[in-house]
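Novice: Read off the chains here:
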Amino acid sequence: MTLLVDTWTVFRRYFAKSLSSVPYMGVSLAQPVLYLVLFAPLLKSVSSVPGFPGGGAYNVFVPGLLVQLGLFSATSGGWALIAEVKAGVIERLRVTPASRVALLLGRTLRDVAMLIVQAGLIVIAAVPFGLSIRLPGVLLAFVLMALIALLMASISYAAALLLRDENTFGAIVFSATLPVLLLSGVLLPMTLAPAWLQDVSAFNPLLYAVEAQRALFANQIGDVNVVKGFVAIGGLAAITVVAASRSFGRAVA
Amino acid sequence: MAGIDLDVEQAEIFGFLGPNGAGKTTTLRMLSTLLPPSAGEATVAGCDVRRQPQRVREHIGYVGQAGGTDHSVTGRDELVFQGRLYHLSSRRSRQRAAELLAAFDLEGVADRTIGTYSGGQRRRLDIALGLVHRPDVLFLDEPTTGLDPQSRARMWDEVKSLRDAGTTIFLTTHYLEEADALCDRLAIIDRGRIVAQGTPDELKRAIAGDVITLGVQGNPALALNVLATQPFIRDHDPLAPDGDSVRVYVDHGETSMPTIFRVLERSGVVLKTVSMSRPSLDDVFLRQTGRSLREEAA
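Protein sequences appear in the order of chains A and B.
Per my numbering, the first sequence starts with residue 1, numbered consecutively.
Per my numbering, the second sequence starts with residue 1001, numbered consecutively.
Please note that the accuracy of each hint is not assured.
[Stated by the list, open to error] No more than 20 Å apart at the CA atoms, straight line, and that leaves these computed lysine to aspartate or glutamate pairs for DMTMM-like:
#, chain 1, residue 1, chain 2, residue 2
1, A, K17, B, D1077
2, A, K17, B, D1111
3, B, K1204, B, E1254
[To be verified] Over 12 Å on every C-beta distance to chain B, these chain A residues come out as not near it, computed from the model:
#, residue
4, L42
5, F169
6, P205
7, A238
Because the hints were derived from the structure by calculation, they are not lab data.
Backbone N, C-alpha and C fix where the C-beta goes; we use that ideal spot for every residue, glycine too.
Put together the whole structure using the sequences plus the hints.
Specialist: Written out as structure tokens, the structure is:
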């Protein structure tokens, strides 16, 4: 009970903080739309290449874009956390009787909520371009999206608590996200890749997320890729949430 | 920490005085459940720090050195949020925030973001945040560091009135004047060890009546040897390796001084300077550690 109440308290504070920051809201909402406008036309001309999945360029690109959004936006949480550790905010929160798990979970759920808003905006904006959406596939796609956000935010917070330094954190985030992104088939489908690259990408959980998202946007709910995606992302999210909460409970500024 | 042992009474201001890196903040963190104690027992507000951290948290307020406010949030929002974390109802949190804003003279800036506050206002808000749940014990880590003299004096008044209202205050400081003027009792801490403990007056009285510092030309070691054999010299500091000053402790400085001059002149010691002072807490620190706190802080 305390856990739920405290999580709600922490969530509300951070959500209100995000909403009240006009530049933050502006950038985080404009960014995905920019991707859509600038990158999708490029993809349209490659979609006729042999090996490119069917279903139309937007139904291939938008699901991937959502996963990429999850990857990028969640990492920013770590930066904010490092700043709060340095300002003594985390120390202040940890002296209160509030649940340690709630202190982390509340802010993680804020990240999830922000991501859902961004993702919703992309999907709505992509429909006029030619994205076809059908229920219940899209709804499940959003559930998977929330799990991806939970996973990424937890990794980001755990790394931030471990590193305690914006510069190191930044360097690691930048060097880790690029290969993860390329090997997930977000930008170009892995079906276009040579065999050895496909083998490497089989170790990337986000590949399964992307494939699951594409199946869901095609409303193929029973597809084996959907099951794989939920198992991979859901399982990892559960592990990382627990790990991040534990390191938050131990964190010493 | 090298092992410390202390008792703090209810409704007193207890100070931890020591140089940076002495272990003051570490001790405070252990007592406020932020760090697991490396060994030993601690009871805060009747609760065991190691076994009942959750109950300790309900009874204490902690104000860290950095303060811990988010500068993009308003003071009122921080106070209400803090109240909610202490499980006050939403209504009660708002009420309590309003009370504290009034008590700490922050009503005028309550709905501005904390980034716009002056140093004194920010520090008063930090303390208000520590008091939202009316704790029995309040920990203050360096409460006046970085404040101008006026804000510091005001902070002292706030802390004293909290004590008068029954709150136990446990603070750290590296300011001698602060320890002297504010604390009811204090412990001097150095390198993780408590070197002296008591009221400021007791500590000062314990070392000697007066301190006489002599600047010696040529041979300070000789001067010290000569003086050390005199019966009226109660104590002396070891000679600094390359210093030329000798410090001795006597009961009555006024009557001892002429004798000191006579004895030294007979042994051929030439004096450059002489000064006499009532002992300060710095003398207590110097006596116990061989180093001056003023030099450490500089």
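Novice: Now look at each hint and say whether the structure bears it out.
Specialist: Each hint, compared with the structure:
no., hint, verdict
1, A:K17 - B:D1077, "10 Å, holds"
2, A:K17 - B:D1111, "14 Å, holds"
3, B:K1204 - B:E1254, "18 Å, holds"
4, L42, "38 Å, holds"
5, F169, "19 Å, holds"
6, P205, "33 Å, holds"
7, A238, "25 Å, holds"
In this structure, every one of the numbered hints holds.
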